[in-house]
Every structure is written in structure tokens, then in C-alpha cells.
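Novice: Heads up: the protein sequence lines correspond to chains X and C, in order. Just so you know, we're using this note's numbering here: the first sequence kicks off at 1 and counts up by one. Just so you know, we're using this note's numbering here: the second sequence kicks off at 1 and counts up by one.
Simulated from the structure, these hints should not be mistaken for laboratory data. For each residue, glycine too, the CB sits at the ideal point set by N, CA and C. Where hints are given, some of them may not hold.
As the list claims (entries may be wrong) - Estimated spans, in silico, between C-beta atoms of each pair:
#	chain 1	residue 1	chain 2	residue 2	range
1	X	39	C	47	18 to 28 Å
2	X	15	C	41	22 to 32 Å
3	C	29	X	109	27 to 37 Å
To be verified - Derived DSS-like pairs: lysine-lysine, alpha-carbon spacing no greater than 25 Å straight-line:
#	chain 1	residue 1	chain 2	residue 2
4	X	57	C	16
5	C	3	X	57
6	X	101	X	9
7	X	101	C	16
8	X	101	X	57
9	C	16	C	73
10	C	70	C	3
11	C	70	X	101
As the list claims (entries may be wrong) - Per the computed footprint, the stretches of chain C lying under chain X, defined by three or more beta-carbons under 8 Å from a beta-carbon of chain X, are:
#	segment
12	78-87
13	91-103
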Amino acid sequence: DSGVTQTPKHLITATGQRVTLRCSPRSGDLSVYWYQQSLDQGLQFLIQYYNGEERAKGNILERFSAQQFPDLHSELNLSSLELGDSALYFCASSGSESNEKLFFGSGTQLSVL
Amino acid sequence: AQKITQTQPGMFVQEKEAVTLDCTYDTSDPSYGLFWYKQPSSGEMIFLIYQGSYDQQNATEGRYSLNFQKARKSANLVISASQLGDSAMYFCAMREGRVGQFYFGTGTSLTVIP
Chain X
1 DSGVTQTPKH LITATGQRVT LRCSPRSGDL SVYWYQQSLD QGLQFLIQYY
51 NGEERAKGNI LERFSAQQFP DLHSELNLSS LELGDSALYF CASSGSESNE
101 KLFFGSGTQL SVL
Chain C
1 AQKITQTQPG MFVQEKEAVT LDCTYDTSDP SYGLFWYKQP SSGEMIFLIY
51 QGSYDQQNAT EGRYSLNFQK ARKSANLVIS ASQLGDSAMY FCAMREGRVG
101 QFYFGTGTSL TVIP
């Protein structure tokens with residue numbers, strides 16, 4: 001158990017809909033990261049938050065948004081969903097030092113039908 | 001330029017043999033960390049091994065070792081005595097400085113043949 005909790009584990013929805021993915025980081029970790037992994041694809045970095053503030057942005061679509069709350073949990077909002085958004089979405093957390101590894105949640109498998 | 005490059009999309013190895021998965025990185029930050037993760041077919045991401053930029057010795061964790069060649073900017077993963085359960089996707093990653101983001105390579109799919 002990595003200590004990172006992601007909900008829900010599976011999500012099936014229709015095109016045009018909006019969903020929210022939730023992540024609770026490991027206790028004490030201030031950084032939260034979101035990644036998208038499409039079928040047979042590598043990990044695409046979406047966004048990073050550090051202690052409530054956006055720290056780095058990757059290939060995140062304008063239809064997607066995220067935030068980190070004062071209790072450090074994070075939410076990834078995906079709107080106007082398209083078939084191509086179907087993917088495994090990972091949340092991960094880490095400490096602040098360069099030698100601290102990334103702890104991954106079990107992921108949310110999103111299927112857009 | 002890519003921060004992390006993994007040039008082997010797929011690799012095969014005979015059971016009980018050793019295998020090396022290649023990874024090169026690009027950074028101008030003197031402080032960085034290098035990581036390897038394993039992703040089996042079940043989907044979870046499993047941390048394998050870490051190497052710091054200032055570490056003098058190559059990292060080892062059981063059957064995993066990291067061949068760190070700083071001047072060549074390479075951080076190859078060596079798996080000794082391969083097992084069927086090693087069949088998975090392997091990702092190399094780098095973190096620059098403190099509070100930095102993690103950069104991942106495209107991964108290498110390893111298949112262990114009985």
C-alpha cells in the first residue's frame with residue numbers, strides 16, 4: 001500500500017460529460033502529481049501541486065482542471081469528455097527532497113463511451 | 001530535448017538470465033534523482049530503485065541494480081536472474097532539485113521467456 005488513495009477506481013461515462021477524480025496523498029507529502037496513461041502509452045504528466053499551489057503544468061488540456069485543497073487532497077476535473085480521454089489516470093505524491101520517490105495511487109480507469 | 005530517453009520499446013530475456021534496460025537523461029541541474037518503476041499488467045506503479053546524482057556507488061536493491069554513468073548521463077537498470085514475474089513495463093524517471101516534477105521515459109516492455 002503506497003498510502004496514496006484514489007477514488008473511484010473505475011469510472012464509465014458518456015461523451016460530453018464531466019467527471020471528478022479524487023486523490024488523497026500520502027501523509028506528510030505536500031506535492032501531488034497527476035498523470036494520464038492511455039492504452040499502450042507512457043505516462044503523460046498533467047499537472048503538479050505543491051502545498052496548495054500549482055507548481056508545474058504539463059500536457060493538460062483546457063477541458064481539464066485540477067486543484068489542491070488546504071487538507072492537501074487534490075481533485076482532477078475532466079469536462080466535455082471525448083472518447084480519446086479514456087485512460088488510466090494516476091495520482092502520485094512525494095516529499096520535497098530530490099531523493100524522495102514518487103508514491104502512486106492505484107489509478108482511476110476512465111472509460112468514455 | 002527529451003529529459004529521459006528509453007530507446008528499447010521491447011525486450012526479451014530468458015528466465016534466469018540477466019537483462020539491462022537502457023535509460024539516458026538530460027539535465028543541467030547538479031542535484032537530481034533517478035528512479036526506476038515497474039508496471040505489471042495489473043497496472044500499479046511499483047518503485048524499484050533510486051540513484052542520487054551525488055551518490056558515489058551504484059544503487060542496488062535485491063536483484064535490481066542501477067548502472068550509473070554520470071559523465072555519459074546514463075542510468076541503466078540491470079535485473080539479474082530474471083523471473084517470469086519480471087515481465088512488465090519498466091519506466092525510468094528523473095527528478096531535478098527539490099520539489100521538482102518527475103520526468104518519465106516512454107518505457108520498456110520486458111518479456112521473460114521460460
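Novice: Going through the numbered hints above, which ones does this structure break? Give me the numbers in ascending order.
Specialist: 4, 7, 9, 12
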